[in-house]
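J.: From first to last, the protein sequence lines stand for chains A and B. Here the first sequence is numbered in the working numbering, starting from 4 and rising by one per residue. Here the second sequence is numbered in the working numbering, starting from 94 and rising by one per residue.
Rather than coming from a laboratory, the hints here were simulated on the basis of the structure. Computed from a predicted model, the values in this text were never measured in an experiment. Misleading hints may appear alongside valid ones.
[Unchecked claim] Some but not every residue of chain A turned toward chain B, in silico, with C-beta under 10 Å:
#1 S28
#2 L95
#3 P97
#4 I99
#5 E113
[As the list claims (entries may be wrong)] A few chain A residues that don't get close to chain B, going by computed Cβ distances all over 12 Å:
#6 Q11
#7 K76
#8 A79
#9 V103
#10 E141
#11 E144
#12 E217
#13 A277
#14 E289
#15 A304
#16 Q322
#17 G376
[What the hints assert, rightly or not] Sample of chain B residues facing chain A (criterion: CB under 8 Å; computed from the structure):
#18 L100
#19 Q199
#20 Q207
#21 A253
We put the beta carbon where it would ideally sit given N, CA and C, even for glycine.
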Amino acid sequence: MSRPAQIQVEDLHKSFRIPTHRVDSLKERVVKPLSKPEYRELKALDGISFEVGQGEFFGIVGRNGSGKSTLLKLLASIYRADSGTIRMAGRLAPFIELGVGFNPNLTARENVVLNGVMMGLTPGETRQRLDAIVEFAELGEFTDLKLKNYSSGMLVRLAFSLMMEVDPDIFLIDEVLAVGDAAFQQKCADAFRQMKAEGKTIVLVTHEMSTVEEYCDRAMLISDGKIAEIGDSEDVGRRYLRLNFEGAAGVGRASVEGAGDAPVRMLDAAVVNAAGERASSFEHGEAIRIQIEIEAREDFAALALGHLIVNGDGVNVCQLRAPIGGDPPPPVKAGERLRVETVVENLLGAGHYFVHCGINRLLEGGVALDVAGAADFVVFGGPADRALVSLPQETSTTVLERAAG
Amino acid sequence: MSEAPVLREVSGPSALGGGRQRFFDLLWLMAATEFKRVYFGTLLGYLWSLVRPLMLFGVLLFVFTKALRIGSAEVEHYAVMLLMGIVLYTFFQESTTESVSSVVTQEGVVRKTQFPRLVIPLATVLTCAFNFGLNFLVVFVFLLAFGVDPTWTWLLLPVALLFLATFTVAVSTALSVLYVRFRDIAIIWTVVAQVLFYATPILYPVTAFQDQTIERLLMISPLGVIFEQVRVWVLAEPQAPTAVEAAGGAVYLLPAAAIFVGTCVFAAWIFKREAPRIAEDL
Chain A
4 MSRPAQIQVE DLHKSFRIPT HRVDSLKERV VKPLSKPEYR ELKALDGISF
54 EVGQGEFFGI VGRNGSGKST LLKLLASIYR ADSGTIRMAG RLAPFIELGV
104 GFNPNLTARE NVVLNGVMMG LTPGETRQRL DAIVEFAELG EFTDLKLKNY
154 SSGMLVRLAF SLMMEVDPDI FLIDEVLAVG DAAFQQKCAD AFRQMKAEGK
204 TIVLVTHEMS TVEEYCDRAM LISDGKIAEI GDSEDVGRRY LRLNFEGAAG
254 VGRASVEGAG DAPVRMLDAA VVNAAGERAS SFEHGEAIRI QIEIEAREDF
304 AALALGHLIV NGDGVNVCQL RAPIGGDPPP PVKAGERLRV ETVVENLLGA
354 GHYFVHCGIN RLLEGGVALD VAGAADFVVF GGPADRALVS LPQETSTTVL
404 ERAAG
Chain B
94 MSEAPVLREV SGPSALGGGR QRFFDLLWLM AATEFKRVYF GTLLGYLWSL
144 VRPLMLFGVL LFVFTKALRI GSAEVEHYAV MLLMGIVLYT FFQESTTESV
194 SSVVTQEGVV RKTQFPRLVI PLATVLTCAF NFGLNFLVVF VFLLAFGVDP
244 TWTWLLLPVA LLFLATFTVA VSTALSVLYV RFRDIAIIWT VVAQVLFYAT
294 PILYPVTAFQ DQTIERLLMI SPLGVIFEQV RVWVLAEPQA PTAVEAAGGA
344 VYLLPAAAIF VGTCVFAAWI FKREAPRIAE DL
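Just chain A, with the same shape it has in the complex:
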């Protein structure tokens, strides 16, 4: 990184004391003066150090409660750090929790002037820019309307326009692109590009990976108050998705139930990665191995597997069928235990999938076992973000007729 630093953060710590029993009144203090209020220490940030260069578009991602918003509030001087230092160059405009410090009882005009001054303009400068702000926000007729009568979309537009017009050196932005109508989102996106082109330093906090990958030069992933990954935004994005879905899909472990009196008992069901470990998230293209362990409770002439992979919307994506134990399948005696593994080529699009496990009687017919949602997993990455599957393809072109000349 050859750019000079615009933001420098060193070993930042911040914890919140969450009272287990909140003392809200003086009365409680007076009645029980000696009982020390009990606190639970919540470490929101635990030793964060990073640097953002001048003109850099820097993304901060993390799951809810990872500490990313706390970090932003520390950068914006809304919270004070317990220890560590933050150094910054130039003027900063924060855009936090979808807004700036608006007072709902004041009109847009008054709020704009007040906030402009808070962000470091003089009252005169702010008044000069008022028209431009209102125009960008497309709120021309509503300048003298109290903000409590604004819709949330109007508020965000006003706040965003204000931030743009304040013309700071550093933008701190928290989850902005998720709101507003498509037209305004487009406007924001253009504004982002313009800011980037002008060499502004931008710190964007979001949990939307696509935004980070689209705009950010570098990104940082925060998990449990620590930096989990920092660097190229695509690497961070991938790591983030993995982290995100590990929580969402349990640990790829089966919920084996509801099959108590079936003729075949399911002992275990799991999705396993290439390394043989139970996994819950797979990158597109990474083979998925579905393992089940079953126990026969009666004699069967032959058994066949019939898994169904269903996506989060309940659409049956594919069916996996195979005779169990070879072809032709051998008889299975009562008490016999088997592990059946099915390796699936992962052509699935990104999403959350469930495995319904089924075992059928092959010769007599009929279902021997049916466990819905025995296992689940998440697929991320891949070329087909908006499609269920991406099928192997080959495209060739033949020139049928050359144009004359």
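Mind docking chain B on chain A? Use the hints.
T.: Structure of chain B alone, referenced to chain A:
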């Protein structure tokens, strides 16, 4: 953009900080906006803010001069003294009670923007001060109407007002930040403010009790001292004792001075201590 930016350390929110110009700009803007909001939003505007002290004045004047027959006999300009006291006290009471919840009301701003936190209670007091300024003009009209002769001691009035304003600011700041932690401050303060109204020589002259001990007690309150002095300076009645005379010696004004200074120091200390944490505690 080629020169390397100069890094400054950012230390988080504070009571002051962020440049003097910005502080005063914000203070002025906030107070003026609030004043406009309250008085230009309603039909009769500013008149409403005058109606309240005048109503109180009218009622009390009737009760004390006609029904109870105190005051008027002993004090030459009882009505003016009463009105002036009410207007002064209205400033103190309005400022402090409105400051109590001021920081919490501005939650949206506090949680999202960095600015010197002290601006909030100060702006509240300033808004009330605008109000007071207008009300005091009315008091002067009454003064002249009731035949009080201007004297050179009127020039000392700003000194008393400065003390009153300082005390008001101190109490307001302390309350505003304490309320973030302890929500029953609001109720407690309403009662205390009520008590202080009667404990200050507004309805009655200090001499009403004919008792040195009570006079001495009344002069323990900084408000009592200030109000008494205002009466002496503005009305210039020969029979009205100065604060020193009422207390029976300058030594007996020491408690009031101690309370005054103590309140200011406490307010500064608690606000400075709590300011960085306000956004978290809300």
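J.: Please go over all the hints and tell whether each is borne out by the structure.
T.: So, going through the hints one by one against the coordinates:
1. S28: 4 Å, holds
2. L95: Holds, because the Cβ-Cβ distance from L95/A to chain B comes to roughly 8 Å (cut-off 10 Å).
3. P97: Holds - the Cβ of P97/A comes within 10 Å of chain B, reaching about 7 Å at its closest.
4. I99: 5 Å, holds
5. E113: 5 Å, holds
6. Q11: The claim breaks: Q11/A does not keep its Cβ more than 12 Å from every Cβ of chain B (closest is about 6 Å).
7. K76: Violated, because the least Cβ-Cβ distance between K76/A and chain B comes to about 7 Å, which does not exceed 12 Å.
8. A79: For A79/A, whose nearest Cβ neighbour in chain B is about 6 Å away, the distance does not exceed 12 Å, so it is violated.
9. V103: 6 Å, violated
10. E141: Holds, because the least Cβ-Cβ distance between E141/A and chain B comes to about 22 Å, which exceeds 12 Å.
11. E144: The assertion about E144/A holds, with a minimum of 20 Å to chain B.
12. E217: Holds, because the least Cβ-Cβ distance between E217/A and chain B comes to about 24 Å, which exceeds 12 Å.
13. A277: 46 Å, holds
14. E289: 42 Å, holds
15. A304: 70 Å, holds
16. Q322: 52 Å, holds
17. G376: 42 Å, holds
18. L100: 4 Å, holds
19. Q199: 7 Å, holds
20. Q207: Holds, because the Cβ-Cβ distance from Q207/B to chain A comes to roughly 4 Å (cut-off 8 Å).
21. A253: 32 Å, violated
When each numbered hint is compared with the structure, violations occur for hints 6, 7, 8, 9 and 21.
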